[in-house]
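Listed in order, the protein sequences are those of chains A and B.
According to numbering that gives the first Met the number 0, the first sequence is numbered sequentially starting from 0.
According to numbering that gives the first Met the number 0, the second sequence is numbered sequentially starting from 0.
It is worth saying that the hints were derived from the structure and are not from the lab.
A portion of the hints provided could be inaccurate.
[Claimed, not checked] Subject to a maximum C-alpha distance of 20 Å in a straight line, what follows is the list of computed DMTMM-like cross-link-like pairs (lysine to aspartate or glutamate): (1) A:K131 <-> B:E206; (2) A:K131 <-> A:E117; (3) B:K215 <-> B:E164; (4) B:K47 <-> A:E160; (5) B:K215 <-> A:E49; (6) B:K245 <-> B:E206; (7) B:K245 <-> A:E42; (8) B:K255 <-> B:E114; (9) B:K40 <-> A:E42; (10) B:K220 <-> B:D185; (11) B:K166 <-> B:E180; (12) B:K255 <-> B:D56; (13) A:K153 <-> B:D3; (14) B:K34 <-> A:E160; (15) B:K215 <-> B:E139; (16) B:K34 <-> B:D56; (17) B:K215 <-> A:E111; (18) B:K47 <-> A:E41.
[Stated by the list, open to error] Ranges of calculated distance between the beta carbons of each label pair, as one might list FRET restraints: (19) A:I8 <-> B:A32: 32 to 40 Å; (20) A:M87 <-> B:T52: 21 to 29 Å; (21) B:S265 <-> A:R17: 56 to 64 Å.
No residue lacks a Cβ here, since even glycine has one placed at the ideal position from N, Cα and C.
Spelled out, the chains give:
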Amino acid sequence: MNTGNSENISATKEYETRLAGLYEEYYDKIARYVYVHIGSREEAEDIAGEVFLKALMSLKSYREQGVPMQAWLFRIAHNLTVDHIRKMSKHTTVQIDLAGLPADDSPIDGAEKRMEFERVTEAMSQLTVEQKEVINLRFFGELTSKEVSGILGKSDGAVREMQRAAIEKLRAVMGVEE
Amino acid sequence: MSEDFDRILDECVDRINRGESPADCLSQYPEYADKLRPMLKSMHAVQKTYAFTPSPDEKRAAGQRFHAALDKRRQATPALSFLSAISRPAAVATVAVLVVALVATLVILPRVIPETLVPNTEGNFAFLISDEPNAIGDFESLNVTISRVVLRAAGSVKPLEFTPETKTVDLTQLQGEDYQEIWRGDVPAGQYSHVVIYVSGVVGELESTGISVTVKLPSSKLQMSASFEVTTDTVTSFTFDITVVKTGNNGRYLLKPQISESGARSLE
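Please construct the entire structure, taking both the sequences and the accompanying hints into account.
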């Protein structure tokens, strides 16, 4: 009897069930995470769907040790996003889609929202790649610092420090006063 | 001090993510409130700016794709899982037998290849495309390219197919009572139950901006169950009505068959 294989099959089934259970909560978070990177809502939705299919196909490579499954999903999302940006960069500059902003406001409200959007986008662009990733995973993925540390291969303390430095920079560039 | 502050800020971010207000966190750490307040305001500004709720339709469609893949995977697993319970040589032998059986099955059993119909201007069957106006008014043009059409006779396993002579139709020109014949030819007499059109491309141009937009068509085909009869002594004209609908407020469009406006009629 090959009990090792039986255990693997049993673990894979358990992972399948857990992955299915994460879909409802994490689809939206992953879509927002991708959106911050690529700036297109439609493409972010497509990639979020793709993340779960890719995860299902790669369940054998998932190991409990290291990162929780939700953090592993964001690692897949990151890789798919990088691939997407690489493909798109051959054709166009990656830019947040201003057309995605709500259009049903008055012209004054719309202009204010656009200014705010540009202010925040400018602040985000001042962050280092790692700081931006921490902010994105914490604010939009809503992962804990411990989960983020597993994805980035850093200590919890290093992630908290990067988070603080990133928020301070955002505050300074956006000019948010006490 | 700095490490303490990092932990407190981290805790506040977690609590806001769980739905608490920044004020709750500030009141718990009054000694850090002056420093925390602008940082949490910055967090709020960033979250608000990039916040969006994915389209429920998209989420549902992606969920269906995921669950279909999961079901397929689960159905495949039991068939092979018994191999894990037997010895390795026996497993190899079993796989070999299964492969031989599969190859034999593929060689022996004939594949169901659709019968290809040929066009004929005097034929007994005409296939028309029309458009039920929904969101078509949003478009300057909406070109749909149809690569093939498949008809299924009731109770028959062998489908019939034809390649349209006019492959690309502009739905903006086919609204309401307007239609375009894309194929005419001879179709065997009988009762038919199913029509599928395979779409190889959809290109839409918005009237308001002139910008090309993607119109989604899940699985690249449109199909409908439609009971109609084809006879040898009359021309049966079948109208397949396609409609374009807007999905939510995200500027996306979806192509659908409009069954209520579709159907066959005898011309003679």
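Hints versus structure:
1. A:K131 <-> B:E206: Distance ~38 Å between K131 of chain A and E206 of chain B Cα, so the pair is violated.
2. A:K131 <-> A:E117: holds, 16 Å
3. B:K215 <-> B:E164: violated, 24 Å
4. B:K47 <-> A:E160: Given pair K47 of chain B, E160 of chain A is violated - Cα atoms ~23 Å apart, limit 20 Å.
5. B:K215 <-> A:E49: Judged against 20 Å, a Cα distance of about 16 Å means the pair holds.
6. B:K245 <-> B:E206: holds, 14 Å
7. B:K245 <-> A:E42: Measuring from Cα to Cα gives roughly 17 Å; hence the hint holds.
8. B:K255 <-> B:E114: Distance ~26 Å between K255 of chain B and E114 of chain B Cα, so the pair is violated.
9. B:K40 <-> A:E42: violated, 29 Å
10. B:K220 <-> B:D185: violated, 23 Å
11. B:K166 <-> B:E180: The given pair, whose Cα atoms are some 10 Å apart, holds under the 20 Å limit.
12. B:K255 <-> B:D56: holds, 14 Å
13. A:K153 <-> B:D3: holds, 19 Å
14. B:K34 <-> A:E160: holds, 15 Å
15. B:K215 <-> B:E139: With a Cα-Cα distance of about 17 Å, the restraint between K215 of chain B and E139 of chain B holds, given a limit of 20 Å.
16. B:K34 <-> B:D56: Outside the cut-off at roughly 42 Å; violated.
17. B:K215 <-> A:E111: Since the Cα atoms of K215 of chain B and E111 of chain A sit roughly 33 Å apart, the hinted pair is violated (cutoff 20 Å).
18. B:K47 <-> A:E41: Judged against 20 Å, a Cα distance of about 19 Å means the pair holds.
19. A:I8 <-> B:A32: 32 to 40 Å: Violated, since I8 of chain A and A32 of chain B (Cβ atoms, about 54 Å apart) do not stay within the stated range.
20. A:M87 <-> B:T52: 21 to 29 Å: At roughly 24 Å between Cβ atoms, T52 of chain B and M87 of chain A fall inside 21 to 29 Å, so the hint holds.
21. B:S265 <-> A:R17: 56 to 64 Å: Distance hint for S265 of chain B, R17 of chain A holds at roughly 58 Å.
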